[in-house]
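Participant: Below, each chain spelled out in residue letters.
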Amino acid sequence: MDQIAALIIQIAYGIANLALISLGLAIIFGMMRVINLAHGEFLMLGGYTVVVATNNGVNLWVAMLILAPLVVGVIGVIVERLLIRWLYGRMVDTLLATWGLSLLLIGIVTSIFGASTATTVSVPIGVIRIGEYTVSGYDIFLIFVTLCLGAAVFAVLKLTKLGLVARGTMQNAQMASALGVSTSRIYMITFGLGAAVSGLAGGLLAPVTGVLPTIGATYIAKAFITVISGGASILTGTAAGSVLLGGINGIVAYITGPTFGEVALLVAAIILLRLMPRGITGRFFRKSL
Amino acid sequence: MAFSRRQFIAGTSAFALATPALVGRALANDNIIFASILDLSGGLDIYGAPMAETTKMAIDDINAAGGLLGRQVELKLYDAQSNIQLYTQYATEAAAGLRAHTVHGGITSASREAIRPTLARFNTLYFYNTQYEGGVCDFNNFNTGSTPAQTVAKVVPYVMNKWGKKVYIVAADYNYGQITAQWMQKFVKDGGGETLGVEFFPLDVTNFGPTIQKIQAAKPDLVISALVGGAHVSFYKQYAAAGMNKEIPIASTTFGVGNEQTLISAEEGDGLIAAYSYFEAVDNAVNKDFLGRLEARLGAGRPTMNELSVRSYEGAMLWAEAVKAAGTADRDAVIAALRSPLSYNGPSGTVTIDPKTNHCVQNVYIAEAKNQRFEILESFADQQPADTQLVCDLVANPNQNVFLFENGLEAAGIKM
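Respectively, the protein sequence lines represent chains A and B. Under this note's numbering, think of the first position of the first sequence as 1, with each following residue one higher. Under this note's numbering, think of the first position of the second sequence as 290, with each following residue one higher.
Be aware that one or more of the hints could be misleading.
Listed next, the stretches of chain A that the computed footprint assigns to chain B, with coverage defined by at least 3 CB atoms under 8 angstroms from CB atoms of chain B [as the list claims (entries may be wrong)]:
no. : stretch
1   : 13-26
2   : 119-125
3   : 235-241
These are calculated hints, taken from the structure and not from any lab test. All values derive from a computational prediction rather than experimental measurement. Don't be surprised by glycine CBs; every beta carbon is placed ideally from N, CA and C.
Starting from the given sequences, assemble the full structure and let the hints guide the process.
Facilitator: Take a look at the structure:
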């Protein structure tokens, strides 16, 4: 019984982890149709912000929750102004440009900080005991943060004027422009927000993962698979994709081992996309956000 | 990353056209050419970057002492970018194009197996200066790093004696991890212990939650890890986050060679035990001098030294000593000098070539992580590469270039 409870928390964490690393990508890809191959590096920059800030004496919570999204959000805005805004509507070109950006960011971080950076960051929350089993309190915190982040994105898109204007711009930029919306500014803000969410995710994962310049590569494939499997809706799609793939991965990894866990995740995604080429939200929950 | 066939053909044919020019240059050049192929970017640069620094230092030391045979040694450093395809390409270029007198390098066992046959075919002397799973039997190839009979055989009984007999193994999912896990199981069995579980992880896994749960369910006395690369550092962090590092201790055959002890905090890493042929804490005059000169070269921010980086230095020095002893940089004479057998007194202590296997007889140290550093607990002098000696005899049969543990330890008559 204890074991099942602990396992359920582990699987929930696996799902939250996928959702967390995918949400920033879902915003940028789902709303703007920009294939951001530098997404993994945005996560990495969030992690680096935390490592560098804490090495310089900044409080871990401040570094994770404020500095990481702020720094990466600003980088996102700069990237959008210098690179992405010239490429709207040219999906393949954004793919190449952001791949280049990804290599550039890895190169810049490596030349500043070297191949690895010493850190003293460790998990700031203690252990929760379930009978004979222990679960990291930080895992539960991350599940909670992921839910809050989802709620916050929902609130911004659905309840604020900015969200309304942004959704309008994504649906029909010309019409939005004719109604007096500065679409260029909206694109910039949306990209910056997506980057900030990625930065926050990278920062939050810094205490439980290795932070290295090349670590983005381990996230990018899973984030893309989750977002594509989820389909067009940003929140519902990411949630549905994460629950399905994260759940399968967690259960299979527990039963057979991590190699088959990864294989099962990929097989599930392939079957899903064969049956539903537009992702889960292309078939179900089509009107959802 | 994604190379199309067309690009590849274009690239290689351009290279083929350029080759005569390179040969001409190499022949006109009077320097002795030392090529090194390492991952200086991509995920494996946590290993490769420090190895490149010590290789450069070795060549500078050799040249500062007047070079070899009155000639300067020229270092050609290739960055394989954590990409196996580039290893093969650069090995061919170094051997056929540059006519390098020796090639050092390769980090993962996969990269070694990519270039070792190429260099054997071109008769280019090859040094692999990395700890690995044992079993290479190649007259042309010197494997200077430690092997499981030297390290795993020492650390497994040590930690079983200290912590208990029930063991859980976690390892990276490629040839090094698979074969090392078999050695671990053998040594656990030899010590009267029991292996409760073995799990393998692809190199990009970052969520170890399900495995940590399984370890809790299995209740071993200790965990032995052969995890590799940056993503796997997450295991130690998540293990500590679940409070497990206080309950079930970890020993490792890989923790430390990528300076993992600095990538996790002291409270996460303290108490972890590892065995290698070198730690910075090794207490001898050569090591003190080496670390002092390294710091003078690279400043206080220098990388922490480990077996891989120090053995890259010692491997280069072993080769240089052999060239001096042979009086020529020609491959056959240098190999004969190395197998005479040659010894070198380096920062890790005395390293001696074992002519039976072209591996090294070397010191091994067991150490414990404390405050992001290693403290040595026990030393073992002059350990033989007994694993490879089981299957390989280059004295009796020099015409070999094979990797005998490719399909596991059955080659050594060890049943799992």
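Participant: Against each hint, give a clear statement of whether it holds in the structure.
Facilitator: Going through the hints against the structure:
1. 13-26: Since three or more residues must qualify, the claim that chain B covers the stretch 13-26 of chain A holds, with 3 doing so at under 8 angstroms.
2. 119-125: Contact hint for the stretch 119-125 of chain A vs chain B: holds, 5 residues under 8 angstroms.
3. 235-241: Since 0 is below three, the answer is violated.
Going down the numbered hints, you'll see the structure goes against just number 3.
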